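Chains as they are written, first to last, in this note's numbering: chain A, 1 to 396; chain B, 1 to 291.
Don't read these hints as lab results, they were simulated from the structure.
Note that the coordinates shown come from a computational prediction; the quantities given were computed from them, not determined experimentally.
Be a bit skeptical, because a hint or two may be false.
As the list claims (entries may be wrong) - Among chain A residues calculated to face chain B with C-beta under 10 Å, some are:
(1) R125
(2) Q165
(3) V262
(4) G266
(5) G274
(6) K286
(7) T362
The beta carbon of each residue, even a glycine, is placed where N, CA and C say it ideally should be.
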Amino acid sequence: MNIHEYQAKDILASYGVRIQKGVVAESKEAAVKAAKQLNRDTGTEWYVIKAQIHAGGRGKGGGVKLAKSIDEVSTISDEILGMQLITHQTGPEGKKVNKVLIAEDVYYPGASEPKEYYLSILLDRDKGCNVIMASTEGGMDIETVAEETPEKIIKEWIDPRVGLQGFQARKVAFALGLEGAGFKEMVKFIFNLYKAYEATDSSQFEINPVLKTSDDKILAVDAKVNIDDNALYRHKDIAELRDLSEEDPLEVEAGKSDLNYVRLDGNVGCMVNGAGLAMATMDIIKLSGGEPANFLDVGGSANAETVEAGFRIILKEPNVKAILINIFGGIVRCDRVANGVVEAYKNIGTIDIPIIVRLQGTNAEEGAEIIKKSGLKVTSAVVLKDAAERVKEALA
Amino acid sequence: MSVLVNKDSKVIVQGFTGSEGTFHASQMIEYGTNVVGGVTPGKGGQTHLDKPVFNTVADAVEKAGANVSIIFVPPAFAADAIMEAADAGIKVIVAITEGIPTKDMMLAKEYISTKDVTLIGPNCPGVITPGEAKVGIMPGFVFKKGRIGIVSKSGTLTYEAADQVVKAGLGISSAIGIGGDPIIGTSTKEAVEFFMNDPETDGIVMIGEIGGNFEADAARWILAQGNPKPVVGFIAGQTAPKGKRMGHAGAIIGGADDTAAAKMRIMNECGLHVVESPADIGEVMAKVMKG
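Let the sequences and hints guide you as you build the complete structure.
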C-alpha cells in the first residue's frame, strides 16, 4: 500500500528520523495558516508547496514550488490545489491534487554547502533479505544512476536474524563521503530509518533526496513509503491511511467484489482464474492481434456473482471490443462456471460485444454444452489455441 | 525415484480441521496420497477424516512417522507452522497459504536454512507425482503419468501446461508449483535441478512470470550444466505494465532481467526452447522430445 509524503514523514518522525517539517492543507486558507504556524515553529521564511499525490516526478510536472512570502503561499497553493498533475508516473490524464504539504525551507545558506543524497531500503527477492541502497546522486532517478553510473550505487544487505549492525550504517555513511558531524548524523539517520522500516512491515522506503543542510543536519526532504499489504492486518493505524481517491475507481470497485483487477488500455477484456494464467491470457490476446484491456483474476471461486461483477467492471471500459473468459477448472467445475456466465449475461441484459468463453479442466464438455444451448451470443472454446483464434475473428 | 513426494511419503496436514485443510485433505486421500494424520493445536487425540489429529508436528513425526507436511494455516500463523515442521524433522514442507507477511517469511526461511528440509511455496499449488502422491490443491486427473517435469510459479497455469503436455501425447513425472510470493523456499533453479537429477524425467517445462531473477538464474545454470535435458520455457506477463505492483527501486535489483522480454531473451541464449504463446507449451515439448 502506498501512502502520501506527509503521512510517510509523520511515520518516520515518530521513529526519530529527522524530516523536513511541514503541515498539510486542503485549501489556500489552510495553506496560509499552515505557513504561519511553520514560521512560528521553525523560523522558516520561505516555504515549499508540494502536491500530495501517489506518484513521483512531481517537481518536473509543476507540483512542487517555492514560495518566498505568505502571499505567494496563497497564490501558489491555489494554483496547485485542484490541478491535474501529470508526471511520468501518472499517465497522460494525470492525477488531481487534493492536498498540498507546506514545508519548511531546508536549503538555507550556512557554513557548508547543502548536499543531497539518495537512500532506500527494500526487499532483495533473490537474496531473501532487505538491502539498503545509497548514492551520492541525490535528487536523481535511481534508474538513471543505475544505468549511467552504476558504480555510484552503494548496497548493504541486512541479515534478517540480527538486523542492521553499526558497522553497516558506518560503511554506508563513509561510502557517501561524509565526515564529522554530518557522518554521525547520517549513521543515526540510517539506524532510525531501518527501525521504522522494520517496525511498520514496509516493503519499500525511498528517501530522495536525503539532505545534509548547511549546518550538517541530515534530514528527509521527501519520503516514499510502501507497506507490505499482507502485513496490514497488524498495522490498523497505517491501514487507515489508505487514500482511495488515489486509486483507480474501477480497481477499488473490483476489490469490493474480491476481484483482483488492474486497468490497462487495450481493446479486449479478460476474466481468468489464477494470476499466472491471467497474465498468460493477456499475452494470448496480444498475440491474437488485440491489446489486453485489463488483468482480472477471479480467484478460486468463479461463480455467477463473481462473473457478473467482472462483466460489469470490464464493460465500463468503452474501448472494449471483445471479452475472453478463460477458466481452467480444477476444484472449480466448468459446468458451474458456464451456468454462472449464462446467468450473469441474462442479469446484465444486453451485451453487444462478442464474448468468448474458454473452459478447460473439470467438466469442460458439459460447460461448453451449456454455453451452446443457452442461445446467447457467446462463442465457446476448449483449447487455448482455439480461444486465441476466436479472439482474432472477433477483432477482424 | 521421483521428485520430492512419492507413494512412500507419509503426509500430515497442518491446519487439518479447518475448512481448507479438511476439503483438500479429503481430496488428497481420495487421490491415494498416504495421509497419516494432521495437526491442530488443542485437538490432539481426536480423529478427523478417519485419521489421527496431533497437537504438534513433533507428535505426528514420532507417532505416525510423518516426513512430509502440507500447510493450510492462516497467513498470520503460517510462518510459525513452517518453522514448527522444520524443527520437528519434516523433510518436505509444502506451504499453500497465500498472504504471509514478507518479514515473517524472511525469518522463517532463515530459520529453516539450518535444517535438513525443503520448503515449497508459500502461495503455491503444491507438488504432485502422478499416480503416487498429490500434496497440493491441483486437480489430480489432469496430471497423467509420464516423463516430463513441470516447474511453475503459478497454479492454474501449471494445470494448463500439464493438460497440454498430456494432450500432446506425453505425461508428467512430477510437477512443482514453487509459488508466487517474493520470498519462497525453493527457487526455479533448485526445482529444475531436482528434475535434472531425476532418472524418471526426460524433459522439463519451466514456467515463470515477471519480477525477480529466478528464471534467468535457472537458465544460466542449465547452460552451465551443458543443457543435459531439454527445457521448454514460458514467461507470463509479456503485456504486463511496468511499475504496477513492482516498486520503483525494486526494478533495479532485478536489473535488466526483470521483464518477460529480458527473461525470454536470456532463456533463449541459454539454449532453452522458449515459447511466446502459452498455447504452444505442449506442442513444442512434444516436438523437442521427438528430437
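Comparing the hints with the structure gives:
no.: 1; hint: R125; verdict: 5 Å, holds
no.: 2; hint: Q165; verdict: 15 Å, violated
no.: 3; hint: V262; verdict: 6 Å, holds
no.: 4; hint: G266; verdict: 8 Å, holds
no.: 5; hint: G274; verdict: 3 Å, holds
no.: 6; hint: K286; verdict: 5 Å, holds
no.: 7; hint: T362; verdict: 6 Å, holds
In this structure, only the earlier hint numbered 2 is contradicted, and the remaining ones agree with it.
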